[in-house]
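Peer 1: With chain A fixed as given, assemble chains B and C onto it according to the hints.
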Amino acid sequence: MKNLSRLTIALLSCTALATPVFAEGDKIIVGFATAESGFMQAYDKPAQDAAMIRIGEINAAGGLLGKQIEVVTADTKTDRAEGAKAGLTVVDAGADLVVVSCDYDFGAPAALAAESSGKISFFLCAESIKAGIQGVGPHSFSASVLAAVQGATMAEWSYNKKNARTFYRLLDTWTEYNKGICDGFDYMLPKLEGASLVGEDTFKNEDASIAAQITRIKSLPAEPDAIMLCTMMPGAVSAIKQIRAAGINSMILNGSGVDGSYWLSAVPDLSNFYVPVQGSIYGDDPNPDVTAFNAKYKAATGGDPSTQYVYPGYVMIDVWAKAVERAGTTETTAVVAELEKMNAEPTLFGPRTFTAELHHQNSAKYLIVDTENGKPGVVDSWTISAPIPVADLMK
Amino acid sequence: MQTLFDALSLGSLYALGALGIALIFGVMRLVNFAHGDVISFSVFALLWPSTDAVALVFAGDLPWFLLIPFVLLMGAGLSVLCELIIFRRFRGANPATMMIASFALGFVIRYFLLMLFSSRPKSISLLPALSQPVEILGARIPLLQVITIVATIAILFALTAFLKRTRFGLEMRAAAENFTMARMLGVRANRVIMGAFALSGALAAAIGLILASQTGTADIQMGGAVMLMAFIATVIGGLGSLPGAVLAGFLLGAASVVMQTLLPIDARPFRDAFVYGAVILVLIFRPQGLIAAPGTKERV
Amino acid sequence: MTDPNKPASVARRTISTPLILTAILIALALIALASGSRPFNQTVIDIFLRVILVVGLYIFIGNSGVMSFGHIGFTCLGGYAAAWLTMPPMMKQTLLPGLPNWLMQLQLPYWAGALIAALWAALWAAVFGKILLRLSGIAASIATFAMLAMINTIYSNWESVTAATSSVVGIPIVRTIWPYLIAAILSVFIAWAHAISRAGLALRAARDEPTAAAASGVDITKERLIAFVISGAVMGMGGALFAHSIGVVTPDTFYLTLTFTSLSMLVVGGIGSLSGAVLGVVILSSLIQALRWLEAGVTVGSTTFGIPNGLQEITLGIVMIVILAFRPSGIMANSELIWPRARPEKPDEMSGTTPTQQGVTK
Chain A
14 MKNLSRLTIA LLSCTALATP VFAEGDKIIV GFATAESGFM QAYDKPAQDA AMIRIGEINA
74 AGGLLGKQIE VVTADTKTDR AEGAKAGLTV VDAGADLVVV SCDYDFGAPA ALAAESSGKI
134 SFFLCAESIK AGIQGVGPHS FSASVLAAVQ GATMAEWSYN KKNARTFYRL LDTWTEYNKG
194 ICDGFDYMLP KLEGASLVGE DTFKNEDASI AAQITRIKSL PAEPDAIMLC TMMPGAVSAI
254 KQIRAAGINS MILNGSGVDG SYWLSAVPDL SNFYVPVQGS IYGDDPNPDV TAFNAKYKAA
314 TGGDPSTQYV YPGYVMIDVW AKAVERAGTT ETTAVVAELE KMNAEPTLFG PRTFTAELHH
374 QNSAKYLIVD TENGKPGVVD SWTISAPIPV ADLMK
Chain B
986 MQTLFDALSL GSLYALGALG IALIFGVMRL VNFAHGDVIS FSVFALLWPS TDAVALVFAG
1046 DLPWFLLIPF VLLMGAGLSV LCELIIFRRF RGANPATMMI ASFALGFVIR YFLLMLFSSR
1106 PKSISLLPAL SQPVEILGAR IPLLQVITIV ATIAILFALT AFLKRTRFGL EMRAAAENFT
1166 MARMLGVRAN RVIMGAFALS GALAAAIGLI LASQTGTADI QMGGAVMLMA FIATVIGGLG
1226 SLPGAVLAGF LLGAASVVMQ TLLPIDARPF RDAFVYGAVI LVLIFRPQGL IAAPGTKERV
Chain C
-11 MTDPNKPASV ARRTISTPLI LTAILIALAL IALASGSRPF NQTVIDIFLR VILVVGLYIF
49 IGNSGVMSFG HIGFTCLGGY AAAWLTMPPM MKQTLLPGLP NWLMQLQLPY WAGALIAALW
109 AALWAAVFGK ILLRLSGIAA SIATFAMLAM INTIYSNWES VTAATSSVVG IPIVRTIWPY
169 LIAAILSVFI AWAHAISRAG LALRAARDEP TAAAASGVDI TKERLIAFVI SGAVMGMGGA
229 LFAHSIGVVT PDTFYLTLTF TSLSMLVVGG IGSLSGAVLG VVILSSLIQA LRWLEAGVTV
289 GSTTFGIPNG LQEITLGIVM IVILAFRPSG IMANSELIWP RARPEKPDEM SGTTPTQQGV
349 TK
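First to last, the protein sequences are chains A, B and C.
Start counting the first sequence at 14; every next residue gets the next number (my numbering).
Start counting the second sequence at 986; every next residue gets the next number (my numbering).
Start counting the third sequence at -11; every next residue gets the next number (my numbering).
Don't take every hint at face value.
Unchecked claim - Each computed EDC-like pair below joins lysine to aspartate or glutamate, with the alpha-carbon atoms no more than 16 Å apart: (1) A:Lys174 to A:Glu338; (2) A:Lys217 to C:Glu197; (3) A:Lys174 to A:Glu206; (4) A:Lys354 to A:Glu338; (5) A:Lys231 to B:Glu1120; (6) A:Lys40 to A:Glu338; (7) A:Lys217 to B:Asp1251; (8) A:Lys388 to A:Asp238.
What the hints assert, rightly or not - Computed list of chain B residues with no C-beta within reach of chain C, every gap over 10 Å: (9) Leu1052; (10) Gln1117; (11) Ile1121; (12) Ile1217; (13) Pro1228; (14) Asp1257; (15) Ile1265; (16) Gln1273.
If you're looking for bench data, these hints aren't it; they were derived computationally from the structure.
Note that this is a predicted model, so its numbers are computed, not measured.
We put the CB at the ideal spot given by N, CA and C, even for glycine.
Bound conformation, chain A alone:
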């Protein structure tokens, strides 16, 4: 038995020596503490690929502050403890910007590691207000738009453009993101003259069947005009499929999390289904540059973007690089100050604003994607009438 422990110690010391050591030179380093395996990988990888495209463009154009951008990565394995390690790994490797997992919950440990080392952290596409000053700290940002904006957008748009008056709210309590969508919906609904909530219910993403919830919708005196469905993959497919299989044909409103055509085969001939997106992956974006980006993405990765969550990765590097360029340094405080000066900064995927109060978007231009007979396409675009106040986001 003594041998065993000696062996273990020997093994550990070997591996300790094998810890990779990165050299730091005259270059700018972007560290990705993201998931290369586990379920977050499916969300992190595409956004990271988009970020790499922007980095490639910058490097090709002569770099940032005349220096080339170099990338270091560490795998979080979709695990929080590993995430903290990954964050420390890229900080120790000299990262000037620490990019963390898409999801707030999984990105936070790495972001906290960056924060405590005084580095800027950027969530690839987190949509909770806590992915920023309010949670991680004053040097943390998110590249995406708050989930609440999605819920508010869908409520206001469907009220104005689809004449929806009766709403049903179906919340999957699994994640903060889901709740965020419904919070935005709750914020917007009372502002809509004559709109009413006719019922609400909750379910869990992993529920094998939501039959009981559906029965509750069906026992309403009349089918609601719209069902606000606050959920995400994979439970979303199941919920949508079961709602339609039960013969409920109300308009279904969602967050961006269900964007993409890859799952539509599960619900053949899905219709009356609406999703807000930052850019269209279907080749019909009103902005031709987005379609051009899609082609670039395909050339780089061998496949079309599968959801709109590719885009925030590109936006992230874009705004950060601009801030660095303006600050003339990668030093954290200076770059944060430049980022906070951005007011409706144009990007490929709509304007972006950061303030000293909010490192996130509480208003954004969204394209509305409508799926009819299993074919998704952009039908409209909408920006909520007023940004959601930070106080409402924090409650």
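Peer 2: Quick look at chains B and C alone, frame taken from chain A:
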């Protein structure tokens, strides 16, 4: 009316799962934590390995009369393979060791699927004709619910007949009741155990089929939630007791649906806490399970 | 067993086990220190946390022979208690508005928080134990699992005091290795002290020979409850330190995955052995770490060679199965690490009598 169907169809899933776990427990005292992964595996067997977002359907497009046997065979096959390669080496090991071994095996299967298919849930349209509502006694009920319930009842009858009428079934029941005694009386242990694994695997595949056509999704974690409930059902039903497992499965399904229906909105997210609380109550009042299986009494 | 002189002599004869284990843990800490790498430091902190959790599991499972799936629930209680006690009041006001005012204003140092967290977990262990421990065998296992699921569901949904499924941030992060080392050593000594106490000896007697133990006046339920509460406290302390190690708590961190990985480490190490609990963690963690480095790959020029992602977990699973196939009672079986010359005449003083191998081998 509709609530009744909701409860029955969810209960069917749990009952089938519990049956699969109870069958194996009966013959070798193994709590098989890999069961959930067998469920996932049989669904993924319908797809070509690929890490793209869009699922490449392989066997999923077969007509139903080929598709169903194919999936059942995959489940049974994997299950038997597990027994041949792994569990055979654990005969007579203590239950905790076997439990962890089965958990490790489930882990291996799950990550094997993850390597081949990536962690992104895949969407498949399985038996799309079933996603239609039908009218029964004034209620519009998804056809799949009806089929689930009917299929479960059919499976239960077939299984009962098999266990009661055939020699193999008799051997299996004898083994479940008292394994050592049965062996002494000439029951071929390995054959019986393999049979139990095959049946259990096929049951897992049946759950996989129902889940996949209901949710339209193939997810490497899809079996987990059902397996946990099934596992609990097996215990409150009386470990090793097949009728107990089925009964408890239906009860759990019903409890879940009824609580979802009756609880006020603010308490609904806490539904599972109530369900598990009920489980503890049942265990305290009937520690041997609803229908205690002979031969599984705990010492002291 | 009731001889008053016995415990002291048992203590002297078995003290080498916790000392050896302490030496192993200190050696690990020194390696981390020597490496000077922060990620590696974090890895070793992780190992210490696992040691605390697995030793906590051992205190109940190893001594009572009852498999518990619920102990990670106490870790969850401890982790959140640490968050409540140590976060800055400002953060609590925004993230956890439902906390009572006195708790809202409180901000303790992390070690005080961890101690109170341990007591808090122990309190709940006493409550749940009182209800659940009249059960035995697999029914008890499932009941403990139901307890875990209840705790998880409540913490996942009680928005105002746990922030529901959202991560609670703002917990002070402690990145030095020493508190974790001390806590791990402390838990080893707690486990050892319990094992040689009257309660521990009686419990193991009841595990191995329930009928005889009951006949000689051992109150099995009471002894189990004692072990349950002590192990609950250790798990709670582990949870609190876990929270400080990454600065984040969420309910799903403390659920099935952690339950099964900790149980696996215990079973692979040897369910009835304190040394097994520690070695199970150290060996499996080292294996995981080695595989991770392989998976991260060796970079040559612009290409990286490494084993494909996912292979790490598969290898881990296979290794576990192989270990269990060859050593069904775990690496240490029921024996302990001891100095060779201190070996007592009866080999298994500390783990009581060796449990009879169940079932038959063919």
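Peer 1: Could you check the structure against the hints above and give me the numbers of any it violates, in ascending order?
Peer 2: When the structure is compared with the hints, numbers 1, 2, 8, 12, 14, 15, 16 turn out to be violated.
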